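Participant: Taken in sequence, the protein lines are chains A and B. For the first sequence, position 36 matches number 36 in this note's numbering, and the numbering has no gaps at all. Remember, this note's numbering sits 1000 above the position in the second sequence when you count from 1.
Please keep in mind that the hints were generated in silico from the structure rather than gathered at the bench. Take the hints with a grain of salt, since some may be wrong.
Restraint ranges, calculated between C-beta atoms of paired labels, are given here [claimed, not checked]:
(1) A:F97 <-> B:P1003: 54 to 62 Å
(2) B:M1007 <-> A:F97: 16 to 24 Å
(3) B:L1053 <-> A:R58: 37 to 45 Å
(4) A:V74 <-> B:Q1004: 23 to 31 Å
So the derived list for chain B, only partly shown, Cβ under 8 Å to chain A, looks like this [what the hints assert, rightly or not]:
(5) V1026
(6) V1027
(7) L1028
(8) V1030
Only pairs whose alpha carbons sit at most 27 Å apart, straight line, appear in this in silico DSS-like list of lysine-lysine [claimed, not checked]:
(9) B:K1404 <-> B:K1197
(10) B:K1151 <-> B:K1033
(11) B:K1105 <-> B:K1151
(12) B:K1161 <-> B:K1062
(13) B:K1105 <-> A:K111
(14) B:K1367 <-> A:K111
(15) B:K1349 <-> B:K1150
(16) B:K1475 <-> B:K1062
(17) B:K1150 <-> B:K1033
(18) B:K1033 <-> B:K1099
(19) A:K111 <-> B:K1033
(20) A:K111 <-> B:K1349
(21) B:K1150 <-> B:K1036
(22) A:K53 <-> B:K1151
(23) B:K1404 <-> B:K1099
(24) B:K1062 <-> A:K53
(25) B:K1150 <-> A:K111
(26) B:K1161 <-> B:K1150
(27) A:K111 <-> B:K1207
(28) B:K1150 <-> B:K1351
(29) B:K1197 <-> B:K1151
(30) B:K1197 <-> B:K1207
(31) B:K1161 <-> B:K1105
(32) B:K1367 <-> B:K1349
Remember, predicted model here, so these are calculated numbers, not experimental data. C-beta: ideal position from N, C-alpha, C; glycine also.
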Amino acid sequence: MNGYLPIVMFLLVAGTLGIVVMFAGVIVRPKKYEKVKFSVYECGMPPLDENRKRLNVRFYIIAMLFVIFDVETVFLFPWAVSFDMIGLFGLIEMILFLVILVFGYFYAWQKGALEWD
Amino acid sequence: MTPQAIMNLLSIYPEVIMTMFGLILVVLDVMTKNEKKSMVGYFGIAFLVITVLIAWPPVGKKFLGFGNMVMWDSYSFVFFFIFAIAYSLTTLGSVSYLKENGILKGEFYTIMFFSVVGMMFMVSAYDLTVFYAGMETMAISMYILAGFNKKCARSSEAGIKYFIIGAFSSGIFLYGLTFVYGATGSMNYLEIAAALKGGAASTTTFKFGLVLMLAGFAFKISAVPFHMWAPDVYQGAPTPSAGFMTVAPKAAAMGALIRFCWIALEPVGNMLALFFGILAVITMTYGNLVALAQNNVKRMLAYSAIAHAGFMLMGLVSMNPEGYQSVALYAIIYAFMNIGAFTLLGVVKNKGMIDDERLESFAGLSKTNPMYALGMLIFMFSLAGIPPLAGFIGKFQVIMATMKAELYWLAIIGGLNSALACYYYMRVTIYMYFKEPEYEVDATVSRSAFITSFIGAVMVILIGFFPTFFVNLVKTLLV
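Working from the sequences, and respecting the hints, build out all of it.
Facilitator: Printed below as a string of structure tokens:
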């Protein structure tokens, strides 16, 4: 476990530095309170309405489907790059993987997850 | 195809077939009409039967593939068979219950089917990563099954509670796993065992990690002090899925735990015996004592499930082949009797103002519905371990294994506990046979539920009267 001492030292120094700088800021910085400072920040614009709105559950389904098919492309990229090394075996494996995803896609489609209304 | 590639395929072919069938079930689900969703479940049973036949026990053969990560042998087969029994019985028993509650959806059967795949991977894992992946497949399916009746507040609560506790226990398990990996340098069971023989067993890192890992296991099999989720989840979940959840995931976790202890922790086996012994004693004593005080039969069966988990743990303590053979036999018997009991429980409809599952609903059922009362009587007697029925054979085998390991104190506590358990099972039968009806109760058993409870009762009686055949069957499969 001796090799880990520098890491512990590093963590300690980083942590202490963070705390010291934060408190130094509290002590040193000028304190000016204005009304605008306490308003809700929305990309520099004056806020339009409440930010705790209810979101439609459909957004979650779309986001979930997006993640699934996004992960598919994440797997496809390294496979495409190393395709000449893995050959036919890799091709069959990737086809199997895609077929499984197509089943899921078919299910989501038939259940109406892709329709907005 | 190199020999290695063939070996790889052989080591996971039942899981591959199951996954393909599961995908077909997903398609079948969207193709069937709303009223006929039970077809998905029946197809699931057919697929399971086909897979069981294809994967017929490879007695004496061991297919170890993917760099010693997955093992398919007769041990995996026995546990797969238990899951298949649990799936088939639950599916048959669930149709009318789901229809009455308006939740007859194809997903119920599909998700249960995929959970079986996860459990198969858990039991056949030879590597902690494979084990963990299988456990999560199983657990996520179980969260959905627990919260399946989403209009019912209790069911949703059960789902959420199970999910949070499950995620928490997975976290503890993984945290322990990192320590074990740090101490032994491997996730593979065989390499862990080799590292332990090489002296890693005495390091604090390993011990700390092992305790956390075993706590994670204990969460999954609802062993006391990690049981607090179990009663609420089993009570809140729809009755058929509660029946499935008390049997299959528990059997899977026990199967995986046995394999892990038997292979990876073999060099430190003596250290573990006391740990599991104490865990088993508290689990069954607590489960039985609290079950005594329950007025709700479903909650009582939930606590009894905890007590049965303790009994199964006893088989693990003995650390001999008889021990794990008895656990497998116990799990098979438990599948028949508990799913049968839960199926019959789901049938009761109280027209009065109290919950359907209250003990008072059962009063006088022997007069209004004698067949129902007889079925419930058989399951209750078997769960209690009354001699001519299967439950007794299971308990007997476990206690015998404990005696063989010369753990007499444990055997005595086990015997006392099964005597204690008699009281609350008998209470149901007393209400059915010796009390006058208090409420108007409808306990008409639908045809599919009748098949489930009939198969369950017949098997319970058969195993009870001809134990030698079944004991030898399990013994030849689990050498």
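Participant: All hints, please: hold or fail.
Facilitator: Tested hints:
no., hint, in the structure
1, A:F97 <-> B:P1003: 54 to 62 Å, "25 Å, violated"
2, B:M1007 <-> A:F97: 16 to 24 Å, "22 Å, holds"
3, B:L1053 <-> A:R58: 37 to 45 Å, "43 Å, holds"
4, A:V74 <-> B:Q1004: 23 to 31 Å, "28 Å, holds"
5, V1026, "5 Å, holds"
6, V1027, "6 Å, holds"
7, L1028, "10 Å, violated"
8, V1030, "4 Å, holds"
9, B:K1404 <-> B:K1197, "26 Å, holds"
10, B:K1151 <-> B:K1033, "22 Å, holds"
11, B:K1105 <-> B:K1151, "14 Å, holds"
12, B:K1161 <-> B:K1062, "39 Å, violated"
13, B:K1105 <-> A:K111, "12 Å, holds"
14, B:K1367 <-> A:K111, "47 Å, violated"
15, B:K1349 <-> B:K1150, "20 Å, holds"
16, B:K1475 <-> B:K1062, "16 Å, holds"
17, B:K1150 <-> B:K1033, "21 Å, holds"
18, B:K1033 <-> B:K1099, "14 Å, holds"
19, A:K111 <-> B:K1033, "12 Å, holds"
20, A:K111 <-> B:K1349, "33 Å, violated"
21, B:K1150 <-> B:K1036, "20 Å, holds"
22, A:K53 <-> B:K1151, "24 Å, holds"
23, B:K1404 <-> B:K1099, "49 Å, violated"
24, B:K1062 <-> A:K53, "58 Å, violated"
25, B:K1150 <-> A:K111, "18 Å, holds"
26, B:K1161 <-> B:K1150, "14 Å, holds"
27, A:K111 <-> B:K1207, "49 Å, violated"
28, B:K1150 <-> B:K1351, "23 Å, holds"
29, B:K1197 <-> B:K1151, "54 Å, violated"
30, B:K1197 <-> B:K1207, "14 Å, holds"
31, B:K1161 <-> B:K1105, "22 Å, holds"
32, B:K1367 <-> B:K1349, "16 Å, holds"
In this structure, the hints that do not hold are numbers 1, 7, 12, 14, 20, 23, 24, 27 and 29, in rising order.
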